[in-house]
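Chemist: Protein chains in written order, with my numbering: chain Z, 1 to 342; chain G, 1 to 342; chain U, 1 to 342; chain D, 1 to 342.
Hints were generated in silico from the structure; no laboratory data involved. All values reported here derive from a predicted model rather than from experimental measurement. A portion of the hints provided could be inaccurate.
The list makes no distinction among identical chains, and a pair is therefore deemed to hold if it is satisfied within one copy or across any two copies.
Stated by the list, open to error - Distance condition first, Cα-Cα at most 27 Å in a straight line; then the derived DSS-like pairs of lysine-lysine:
1) 79 with 124
2) 38 with 124
3) 188 with 60
4) 124 with 188
5) 60 with 79
6) 188 with 38
7) 79 with 188
8) 38 with 79
9) 38 with 60
4 protein chains.
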Amino acid sequence: MTHQIAILGASGYTGAELVRLIATHPSMQIAALGANSKAGQEMGQVFPHLRHLDLPGLVKIEEIDFAGIDLCFCALPHKTSQEVIAALPRGLRVVDLSADFRLRDPGAYETWYGTPHAAPELQKEAVYGLTEFYREEIRAARLVAGTGCNAATGQYILRPLLAAGVIDPDEIILDLKCGVSGAGRSLKENLLHAELSEGYHAYAVGGTHRHLGEFDQELSRVAGRRVEIQFTPHLIPANRGILATAYLRGEAGAIHATLAAAYAGEPFLHVLPPGETPSTRHIRGSNFCHIGVVADRREGRTIVIAALDNLTKGSSGQALQNANLMLSEREDAGLMLAPVFP
Amino acid sequence: MTHQIAILGASGYTGAELVRLIATHPSMQIAALGANSKAGQEMGQVFPHLRHLDLPGLVKIEEIDFAGIDLCFCALPHKTSQEVIAALPRGLRVVDLSADFRLRDPGAYETWYGTPHAAPELQKEAVYGLTEFYREEIRAARLVAGTGCNAATGQYILRPLLAAGVIDPDEIILDLKCGVSGAGRSLKENLLHAELSEGYHAYAVGGTHRHLGEFDQELSRVAGRRVEIQFTPHLIPANRGILATAYLRGEAGAIHATLAAAYAGEPFLHVLPPGETPSTRHIRGSNFCHIGVVADRREGRTIVIAALDNLTKGSSGQALQNANLMLSEREDAGLMLAPVFP
Amino acid sequence: MTHQIAILGASGYTGAELVRLIATHPSMQIAALGANSKAGQEMGQVFPHLRHLDLPGLVKIEEIDFAGIDLCFCALPHKTSQEVIAALPRGLRVVDLSADFRLRDPGAYETWYGTPHAAPELQKEAVYGLTEFYREEIRAARLVAGTGCNAATGQYILRPLLAAGVIDPDEIILDLKCGVSGAGRSLKENLLHAELSEGYHAYAVGGTHRHLGEFDQELSRVAGRRVEIQFTPHLIPANRGILATAYLRGEAGAIHATLAAAYAGEPFLHVLPPGETPSTRHIRGSNFCHIGVVADRREGRTIVIAALDNLTKGSSGQALQNANLMLSEREDAGLMLAPVFP
Amino acid sequence: MTHQIAILGASGYTGAELVRLIATHPSMQIAALGANSKAGQEMGQVFPHLRHLDLPGLVKIEEIDFAGIDLCFCALPHKTSQEVIAALPRGLRVVDLSADFRLRDPGAYETWYGTPHAAPELQKEAVYGLTEFYREEIRAARLVAGTGCNAATGQYILRPLLAAGVIDPDEIILDLKCGVSGAGRSLKENLLHAELSEGYHAYAVGGTHRHLGEFDQELSRVAGRRVEIQFTPHLIPANRGILATAYLRGEAGAIHATLAAAYAGEPFLHVLPPGETPSTRHIRGSNFCHIGVVADRREGRTIVIAALDNLTKGSSGQALQNANLMLSEREDAGLMLAPVFP
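Throw the hints in and build the complete structure from the sequences for me.
Modeler: Structure (structure tokens):
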């Protein structure tokens with residue numbers, strides 16, 4: 001049986017990545033592509049790398065007939081997303097890739113995003129889309145909220161360790177290095193090639209990055225107490241990839257064993273042998289996440305490093321993985337593409 | 001039915017690219033990986049981006065039992081390749097990715113490669129592997145010679161035009177821009193990141209590049225007369241991609257019509273609408289080739305530009321396409337992966 | 001004696017490059033920086049790499065008192081430039097870096113830039129700023145028009161050869177590879193890092209690039225007859241640099257000898273030994289231009305390749321070189337900085 | 001008065017960078033260039049970006065007559081450096097850029113470098129070359145040991161803070177991001193462009209990087225007690241630059257005030273206004289170091305970030321700054337070049 005799929009926000013990077021992945025999916029068909037600003041164009045004009053595919057033309061969202069749609073991906077900016085989703089047919093399954101439904105608490109949403117939430121009822125209903133930790137809820141969900149790409153990377157390191165109590169929850173530092181596609185296709189001076197290439201810098205330093213809202217919510221829930229990490233993202237001149245370096249208090253042996261056990265059966269999360277560390281180049285373009293554990297020379301301190309592709313496992317790949325669960329498909333359908341290297 | 005596949009030279013980029021592509025092939029299984037210098041290692045150690053795959057370990061070529069192998073890819077350096085292939089079982093189907101069997105004339109081989117050919121009998125038997133122009137011969141072949149990546153790009157522009165007589169065969173200039181992976185994983189100072197990035201230059205200027213041997217052979221055959229093009233490759237600081245800019249004498253309308261007709265049924269060769277030109281970023285990691293035609297302001301002169309991925313359509317993708325034909329599989333099996341952008 | 005300098009358009013790349021170069025100049029002082037859109041800011045905010053310099057703040061152009069200014073660089077967009085310069089004090093020396101005064105013929109200007117020229121009187125007065133060929137005129141000039149960066153690179157190859165009659169003026173093909181800073185600091189989707197990096201493509205194909213107006217004007221003047229070249233620029237994922245590959249009809253020996261003789265006394269133009277070719281990485285950040293000559297395998301055909309930095313020798317370095325002449329300073333003052341490699 | 005300068009190890013990146021900087025120095029002349037493996041070549045062949053300079057040819061070190069040399073830079077690999085320097089004339093001033101004389105304790109040297117020191121007497125005599133903290137000793141020194149580039153970056157953050165007691169010496173984490181030129185011009189597979197570009201990873205994780213020997217020695221000395229930091233370097237796909245992100249325990253106000261006061265008179269060390277952070281792109285190719293301080297959302301925790309160019313302020317620029325002191329020249333002679341951006 002083939003599922004009919006709609007993608008709203010098809011002219012952004014995560015929209016295009018969804019199309020790339022679904023193109024190899026055995027039982028999904030793209031039935032509608034919404035992209036208000038580029039409505040009237042073909043997808044191959046907006047993203048020439050997809051020109052070989054037989055795709056519907058881009059249309060305004062209000063022109064889409066959702067009657068025959070089985071599942072809708074929403075890859076719109078936050079705030080727009082909550083308005084659009086609130087107007088969709090009630091029974092339609094939705095995977096949202098924006099930030100709009102990640103935070104359960106309307107107050108937390110307002111704190112981090114600066115405006116009251118326009119669809120607090122939906123916010124309550126949404127399931128947090130970190131697949132490996134919310135599988136059953138996702139299977140049963142109507143609305144799944146894709147996680148932040150940085151938040152996903154950090155949680156893959158931290159959740160099992162906090163749950164097992166093998167690290168000190170008050171002493172967690174996460175230093176992230178992020179490729180530029182995470183900033184999307186937006187026209188900002190600091191995203192120009194001439195500005196970005198051959199240099200690197202930190203941003204949102206000191207605890208102001210919005211993904212901290214997710215970290216606080218999820219890690220506190222896992223630990224059963226308030227957890228506030230330190231988190232500094234850095235922009236790196238490369239297109240794809242997040243490398244998260246976590247500085248932790250705990251024994252490397254216990255940490256490695258906990259992660260290895262937690263992810264033993266996971267198709268996409270690979271814990272490397274003790275002492276080995278990952279590189280973003282080895283997961284580029286794929287849904288895999290590599291995690292490495294190394295003991296520091298100082299007793300009781302451990303470094304854990306995780307690498308994933310922000311556009312795939314960090315957003316569109318995760319979204320497809322969740323959609324597979326919601327549609328009772330194989331969880332890895334369309335997602336086993338090997339990384340592209342070099 | 002699943003075909004058992006061996007890859008010799010699995011520790012190079014084209015070997016790894018074959019593994020990446022075959023991993024999604026519905027009816028091929030990798031049964032043996034030969035890599036003399038890295039024998040004893042796992043593929044995931046040599047290429048961590050492939051660590052999620054269940055692959056045989058790397059062994060020395062002489063350790064491989066070819067009895068159960070249906071087809072062997074040979075991704076070894078030239079000269080080594082002819083020796084290794086000469087020693088393989090006579091009946092084994094072979095797709096060679098080296099330069100060793102591209103030239104039919106032993107004299108031409110010696111001219112361009114500086115040594116006499118060690119397997120001239122095999123040289124006679126080999127079919128030139130430019131799939132779209134040698135399909136029937138490839139289907140029937142035991143030994144197929146993969147083309148040079150630059151030679152493939154140029155021929156996709158020139159063959160139909162010379163065959164149709166719509167360009168002047170004496171006035172062909174091909175200016176190529178090539179990504180660095182075409183040079184392989186070899187330890188040369190000029191391939192270091194610090195040397196290469198943020199700069200670009202021409203090499204093998206003046207008609208000394210070995211792929212000219214192929215151009216001379218193939219284009220003369222197509223034109224039915226001696227054809228000698230001008231050809232200058234340039235090294236560009238990017239990993240994958242060849243962009244070939246051809247300066248031709250002929251009418252743009254006739255040229256576009258000829259190319260569009262020639263490739264109308266081809267799954268991988270896409271002729272863009274008149275006036276549009278391709279970019280390497282839109283075919284990266286895929287088996288597609290995009291071709292654009294533009295009339296120059298000077299009457300009777302036309303620019304044709306083609307883009308393909310040197311590791312995919314330029315070598316390993318082409319090799320798999322040919323193997324599909326030799327094994328009576330769908331020609332596009334394992335090859336419809338969309339390009340990775342950004 | 002220290003000359004007081006004003007720079008209009010200081011918030012663009014060529015403005016910043018002027019500041020970088022003038023910072024090491026022994027007898028120039030920056031007295032005013034005009035930048036309408038960023039007026040009120042410090043230069044170190046707009047360009048943090050210049051924060052160590054003691055510079056005047058950015059102001060609106062109309063706020064500048066030109067009374068004490070000896071020379072004014074105008075690094076504004078075309079069209080704006082002609083309006084601003086027309087309003088400057090009559091006696092003020094001006095070096096314009098825009099396209100506004102490169103073409104002598106108002107009709108040609110309208111053809112290539114799509115609007116009538118607003119200051120045709122100034123257009124007549126302006127001297128074309130290709131230093132090595134207009135030295136005496138520049139020394140005496142009040143208004144010097146900086147050349148296009150592509151046009152400069154091509155002319156360094158072609159002018160001496162056309163003047164000496166050693167190449168066929170009807171058979172000139174120029175294939176250019178340009179770094180991204182040539183497009184300026186403008187917010188265009190195709191200039192984003194995620195769009196540009198790891199890919200390359202041609203643009204303005206077929207003879208539509210505006211620098212052809214300059215080529216036509218200057219090369220026809222040198223040759224004493226109408227000359228129309230073929231010219232295709234390509235955008236390369238690197239910040240700085242133009243590499244021009246010229247395909248010419250003529251003997252390599254005569255071509256090399258002509259160029260070597262023409263540039264024997266030039267401080268910035270270096271003709272490499274026969275057979276050697278240049279790389280953009282070896283002139284990055286400097287005012288040098290390297291030129292190489294190679295004979296093609298086909299009799300009577302020669303490839304000449306030139307490399308320069310579009311922001312330095314291609315615009316701001318050239319502008320400073322011209323200013324030095326206009327102010328009777330050493331021509332190389334502030335310009336002997338070595339390239340930065342790697 | 002012009003000082004005669006010799007550079008040993010002129011064929012590496014730090015050797016070339018010394019030549020680039022000295023080329024603009026008002027009172028230094030390069031009299032000899034030693035490079036054993038490339039002896040007999042011209043510098044312009046080995047480094048074409050320096051071809052415009054009038055330089056002596058490369059010779060074997062034993063061919064150099066040190067009689068007329070005022071100061072010798074030694075840019076050789078460690079171990080080679082100690083042997084070569086031990087054989088130089090006793091009275092010759094030497095600035096060593098290798099790791100050989102950074103550690104005062106022969107035991108520490110053996111621990112971190114794996115072999116006994118071959119010139120322990122010289123080791124005692126050498127002055128640690130972190131200019132701003134050893135000025136007087138450097139002025140009087142015969143042998144100055146250049147610091148590690150990572151060690152310099154970290155110490156610029158940490159020394160004033162430890163000296164002032166405003167941070168907890170037991171809780172220092174330093175996460176570094178380094179460009180590739182820091183690894184030198186060595187032929188290693190992981191330094192190839194195709195391997196490195198578009199990816200990033202940590203190395204020497206867990207406290208194994210040799211620069212920790214320097215950190216331990218110097219920070220313990222400053223603090224007056226044992227200090228052991230955590231330090232993880234990461235390799236970033238860019239040519240130049242180190243960005244050090246320090247996670248510290250202490251109040252941001254006190255930390256900023258301490259750094260601002262410590263560096264108030266320093267020509268090359270710039271402390272940014274509170275809350276601002278640096279980027280490597282704004283110090284590229286220069287001797288400047290930018291330092292930013294930001295309070296974390298968690299009370300009592302502060303992030304300090306420093307950026308410098310590993311080849312300039314991190315090695316060759318520092319070496320020239322020290323040589324200026326040793327020769328009683330202006331400390332900033334040859335070093336005020338502005339960064340190159342973009």
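Chemist: Does each hint fit the structure? Answer for all of them.
Modeler: How the hints compare with the structure:
1. 79 with 124: within (16 Å within a copy, 56 Å between copies)
2. 38 with 124: Neither, since 32 Å and 45 Å both go past 27 Å.
3. 188 with 60: Result: close both inside a copy and across copies, 25 Å intra and 23 Å inter.
4. 124 with 188: neither (34 Å within a copy, 39 Å between copies)
5. 60 with 79: within (17 Å within a copy, 37 Å between copies)
6. 188 with 38: Result: close both inside a copy and across copies, 19 Å intra and 16 Å inter.
7. 79 with 188: Both. Shortest intra-copy (20 Å) and inter-copy (25 Å) distances satisfy the 27 Å Cα cut-off.
8. 38 with 79: Classified as within: same-chain Cα gap 19 Å, cross-chain 30 Å, threshold 27 Å.
9. 38 with 60: Within one copy, since 8 Å is at most 27 Å while 37 Å is not.
In summary, the numbered hints that this structure violates are 2, 4.
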